[in-house]
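These are the residues of each chain, in order.
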Amino acid sequence: MKKIVGITALLTAMLFSFANAGAQVADTLKEVKVKARRAKVKVSNDERLNTYSPGQTVVTIDSTILEQYKFQTIANLLAQQVPVFVKSYGLNNVATLNFRGASAAQSQVYWNGIPIQNAALGVADVSLLPVELMNKVNVVYGSSSALWGSGNVGGALLIENDVPAFSDSVHFTQSASAVAGSFGHYRFGIKSALSEERFAFTVNLFGQSARNNFHYTDANDSSRRMTNAGLQSGVGLLQAAYKVNDRNTVTARAWYQQYYREIPPALFETVSLKNQRDETIRLMLDWKRTGVKTNTYIKTAYIRDYVWYRDTTVLVDSRNFTNQVYAEAGIDHRFNEHHKLLVFTPVHLSWIDRVTQGDRYTQNRYALAASYLFTGINEKLNLSVNGRGEVVNDLAFLLPGLNASYDVSNWLQLRANVQRSYRVPTLNELYYSPGGNPNLKPEKGWNEDAGYTVNIRRRWILQHSLSAYNRVIDDWILWLGGAIWTPHNIASVHSRGLETENKLQYKLKDVITIHLGINATYTMATTIASYLPGDGSIGKQIPYTPLYNGQGNIGVSWKRLYANYNHTYTGLRYITTDESFGIPSYTTGNLQLMYYIPVGGNRLQLTAQCNNLWNTQYQVVNARPMPGINWLVGLLFTFYK
Amino acid sequence: MDRAVQQILRYGVVACLLLTAACNKDRNTGAGPSNPGQAPPVTPVGERNVYIACEGSFGNGNASLYMQNLATLTLYENVYLNVNGKSIGDVFQSIQRIDDRLFLCVNNSDKILVVDAKTRNYEGTISIPKPRYILPIHSDKAYVSSLYSNKVYIINPRTLQILNTIEVPAKNPEGMMLRGSRVYICPWDTACNKVYVADIVTDHITDSFTVAGYAPQHALVDKDGFIWVLSGNVEKKKWAALTVLSPGTGDIVQSYQFKELQDVIKPSMNKAGDMLYFIGVDYKGLTGYNGIFRMNVNDSKLPATPLIPAQKFQYFWGLGIDPLTDDVYVGDPKGFMQKGVVSVYTSNGEQKRTFAVGIGPGYFYFDE
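So the protein lines, in turn, are chains A and B.
Heads up: the first sequence at position 270 corresponds to 270 in the numbering used here, and the numbers run straight through without jumps.
Heads up: the second sequence at position 1 corresponds to 1 in the numbering used here, and the numbers run straight through without jumps.
Bear in mind the hints are in silico, worked out from the structure with no lab data behind them.
The beta carbon of each residue, even a glycine, is placed where N, CA and C say it ideally should be.
A portion of the hints provided could be inaccurate.
Far from chain A by the CB rule (all over 10 Å, computed), these chain B residues [said to hold, decoys possible]:
{"no.": "1", "residue": "Glu55"}
{"no.": "2", "residue": "Thr119"}
{"no.": "3", "residue": "Pro136"}
{"no.": "4", "residue": "Asn298"}
{"no.": "5", "residue": "Asp367"}
Sample of chain A residues at the chain B side, in silico, Cβ under 10 Å [as the list claims (entries may be wrong)]:
{"no.": "6", "residue": "Leu267"}
{"no.": "7", "residue": "Glu269"}
{"no.": "8", "residue": "Gly436"}
{"no.": "9", "residue": "Pro438"}
{"no.": "10", "residue": "Asp474"}
{"no.": "11", "residue": "Leu478"}
{"no.": "12", "residue": "Gly482"}
{"no.": "13", "residue": "Ile484"}
{"no.": "14", "residue": "Thr486"}
{"no.": "15", "residue": "Ile583"}
{"no.": "16", "residue": "Ala623"}
Okay, chain A solo, but in the shape it has when bound (with noise of 0.2 Å):
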């Protein structure tokens, strides 16, 4: 009977989980999801997230705040709606992830459980993932190595496209959107879908420029206009599914973005003349089979990232091919209600090649990976104990982990996550010329998580959590130099801290839902040990970590209506290692207004974001200033036949 209840509840979550994206077709916003801590249901197609990682703190974003964010980047989502610092170069310039105190080197990003930083930086330039194309943004904190592979110490970043709907007719959708915004910001796309009962196929196109030639503040207190911010860039995402029969499916997924990004001058710069174009190529093939006890799977990806940057004012001219050959097999299997396993094997080949120098650099990733997962205590104890073998080129290493939650009640819920952590040089770090240093060690740890999830559900919601975190790095990788810069294993860096999120959610007479929001974190990042002489870090935080950050959001669904108001607030970031030199801390407000439009059995969407509403002259990244109060409006018609 138990099974029985157990294969309906499991069926339940997948349908709903898979019928979701319809779902939000016809749905009026009655229920307003402002974040929710991962619940039972599946916030993810990748079992890694779903099923073994029930210690581990993972926030979820809402469809609802996808929608809000459709025609903007990951990074812009991030820095409003989640308590992670995300170091902006400026408007549609480089961003990067900093989890906890960790570099940007340590935060991991996967598409469909692919990593898909960049081979050579070992980092993801989160401004290059654009919110539209993705279903699933899950983001986990802490370090899960044994999971998702070294190199994962300070978090991840997961994003997802939704499992292939298949529908027992032929049903086809077709949207059109077009979005202006400030600064000469235009923006077009189309998106079809097409589903039968064996076969789905989606294709997601946009293309986009800006000037981005906002006004600032310069050095010298002059109101000036940026000069060489402009951007261009087109991208497109196909996706086809096959199911041969009610337990196989094979899906593909090619992923092609082309972006110019002129890269404007920083304050202290008179004129830059400096350009990057980034173009890449994501392919993945997909293979899963859905058993009773037993699911299995093959992916395999190929990822080729071009990268050219050009600035003609010091002569530089520089062109890599990047290129990494992913390939997974796994099998999970449940022996019965209280033992599963999951056992897979990474291989993760990548290279690169220097047009300017002529040469090529290759790093190669062997893994067996398992995870079992203990239930028990009336289904109140989830118990995980993770572990990874990897061999990169001719290093070898363990990377064990240790996760559990327990419901102590209905309504509460603790926590609790032991990892190593374990980072290898990246090729940049490596072969730089000039400046690599081929004698780097890995950086490696301990990191240790703890925490607890209120979940009361009356007419008001309530959900507060709060996690606290401790990690210690050894051989901390830090670059050093002035004319030449060169990584070197110099400290020990010791990162605890605190994180918060707190939703209240009323309904008021089942017409209007009132929801309130307030996300901090508390991040001490500070070096503990060096080797550099006389060494003035000792005790101090490490650069670009803000010590508070946090954000708050306000707001109301009424009928098809949703209004947000987000408000941001990062703390002071020390761009010097001994705090000798930092920007100020900065707030931002943020407006978010959405309505849908029946039309015929159509529907309209109206988009309109104000950000930085009261018009605060900021810079996330020193002498990077960033846009004042701008706009971006967009409009969504979906057909459906």
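Knowing the structure of chain A, use the given hints to seat chain B on it.
Just chain B now, with coordinates in the frame of chain A:
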């Protein structure tokens, strides 16, 4: 209003206040240096100062000017910022006094800032692409070398105007030296193994002398009038060399070849002109040729061991010889990720004092 709504708002307000309270604990020291220091007084007549150009961390615009009064040893931090209320810019390369003004070359900000030598008050800006060094010719003329171009700019230090340029047959004019009516120009160009000579009257290149290595950096003159030229760009496999040229003919009198990967920068001559100092830089710990080296101009070999050795993970970036005392000033940039340190040694390498300065101390100017 519904009581529950009131409660939501009440708790919301409390939560906002808590967040605000938490934010207030943040150490907001404002933009720029956390401890800016104080403006220096007007320099009394007869007192000497050493100015330290802290170039800052490339791409961060946090260059600074430090100053130490050599009579009282009082240190003044962030002199330009404290006097003028503005930052210097990015990559503060060098300082030169011409008459009553100090000229500050700010390389990556494409400008030369001009300040009064006594008060350090801002007097003007000369916009020049990637300025490196200034060579005073006379009160109405100075040459400015410039990275990434093949131009030496001619400026008028009184009017702060650009008068003209000298086209050098190679890129990256770097160090310059005035000898009589001739200026020796070192183009730090890996395709160049020549030092070019410009006439200060016609402002034209009139001659060139071949040296023993590629990418000439700096030229100095010794006690006997011989011209010492340091060359090399180790990252581009142009190994470092010292060439001694005859002052009249420009013939190579002697040359010294450093070993492969031994990187040498910023040579300096002592007051008597008989001792040459330079920095051996080992960024990656590959060669061990790391520290301040000294050689007599009559030595037949290069020094193998440093007078002042650098430690592991340390390298020096600034070197200055006090023209009055021969004290050796050494700038330790500490990786350009934190405040640097200046250490002062006797000419024999005995440490006299040390003090913290801005980021990337790279150039010393002794103002008489």
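Tested hints:
no., hint, result
1, Glu55, "violated (7 Å)"
2, Thr119, "holds (20 Å)"
3, Pro136, "holds (25 Å)"
4, Asn298, "holds (31 Å)"
5, Asp367, "holds (24 Å)"
6, Leu267, "holds (6 Å)"
7, Glu269, "holds (6 Å)"
8, Gly436, "holds (9 Å)"
9, Pro438, "holds (9 Å)"
10, Asp474, "violated (15 Å)"
11, Leu478, "holds (7 Å)"
12, Gly482, "holds (5 Å)"
13, Ile484, "holds (5 Å)"
14, Thr486, "holds (5 Å)"
15, Ile583, "holds (6 Å)"
16, Ala623, "holds (4 Å)"
Going down the numbered hints, you'll see the structure goes against 1 and 10, while the others check out.
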